[in-house]
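Engineer: Please build the complete structure, drawing on both the sequences and the hints.
The sequence shown runs 2 to 261 under this note's numbering.
Careful: at least some of the hints might be erroneous.
Computed Cβ-Cβ distance ranges for the label pairs, DEER-style [what the hints assert, rightly or not]:
| no. | residue 1 | residue 2 | range |
| --- | --- | --- | --- |
| 1 | Glu8 | Leu173 | 27 to 35 Å |
| 2 | Asp155 | Glu88 | 44 to 52 Å |
| 3 | Pro23 | Asp81 | 25 to 33 Å |
| 4 | Asp9 | Arg234 | 24 to 32 Å |
In short, the hints are calculated from the structure, not lab data.
A virtual CB, placed ideally from N, CA and C, is assigned to each residue, including glycine.
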Amino acid sequence: MALIHIEDIRGTRILTLNHDKPTNPFGKKMAEAFTTALRAADRDDTVNAIVVHGGRDRSFSAGGDFNEVMLLATDESVDDLIDWITELYLTVLDTGKPTVAAIDRHAIGLGFQLAMMFDWKIMSTRASLAMPELEHGIGASMGAAILSTISSYDIARHALMSCRPIGPDTALRWGMADEACEPEFLLERAIQQARRMARYPHTAFSATKHVLTDRLRASLEQTREDSKAVHRRTFAAKAMHHHFTNILTKNTKAAVGVPS
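Structural biologist: Set out below in structure tokens:
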């Protein structure tokens, strides 16, 4: 089964996260499949804009893949994790065409951060964003860098230190989402917005986007080494392993994003 389902609708490419779990956890293979699909869409002259969503009645992404995280045993493996996650985020920012995230149900940790990379973010009325890493002993350095860049210190502080879900109303007020709609209209509305943005002349849009996203790209690069150090320390402390073990043992469908 392909990890990314690809469909073109009159010039708009729809990339559907297609993990066998409805929470769409991200591991390295999922990230590689996604970045490959996104870069291909950006190069394709028949594609004018890109929409990404998690599929009907599925989460956008509830974070990192626990099964992979539990295998991290060396500093090198932790560094590799931070590197591929950073490249995942940068690939979205570097996409010259308009990108729209259609967020349903949960966007947690890595999923939350990935959604923040898109040009336009639409949440369903039942969706939530969350970064609960700290209460599970997971470092939140990358999330801190992202949220303090796209919002304010106080918003970033509250989101990271409360560890509580953020609903559509608050996400709109804090600038983490651009609009909200009922779940049954989410994909349709995302396609409409993508088409609207695709009508902007490409050179003007792409050049402006590059300048607009420069601070966020720089922040991701600047925090890369700091995040490696933070996650080496937190993984060595093993505070999160009890949480991961409980989740995997219970075979729950919930997930917490890793890392941030």
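Engineer: Check the following: the C-beta atoms of Asp9 and Arg234 are separated by a distance inside 24 to 32 Å.
Structural biologist: About 45 Å separates the Cβ atoms of Asp9 and Arg234, which means 24 to 32 Å is violated.
Engineer: Looking only at beta-carbon atoms, does the pair Glu8, Leu173 fall within the given range of 27 to 35 Å?
Structural biologist: Holds - the Cβ-Cβ distance for Glu8 and Leu173, about 28 Å, lies within 27 to 35 Å.
Engineer: Taking 44 to 52 Å as the stated bounds, is the beta-carbon spacing between Asp155 and Glu88 within them?
Structural biologist: Violated: the Cβ-Cβ distance is about 30 Å, outside 44 to 52 Å.
Engineer: Between the beta carbons of Pro23 and Asp81, is the distance compatible with 25 to 33 Å?
Structural biologist: holds (27 Å)
Checked against the numbered hints given earlier, this structure breaks hints 2, 4; the rest are met.
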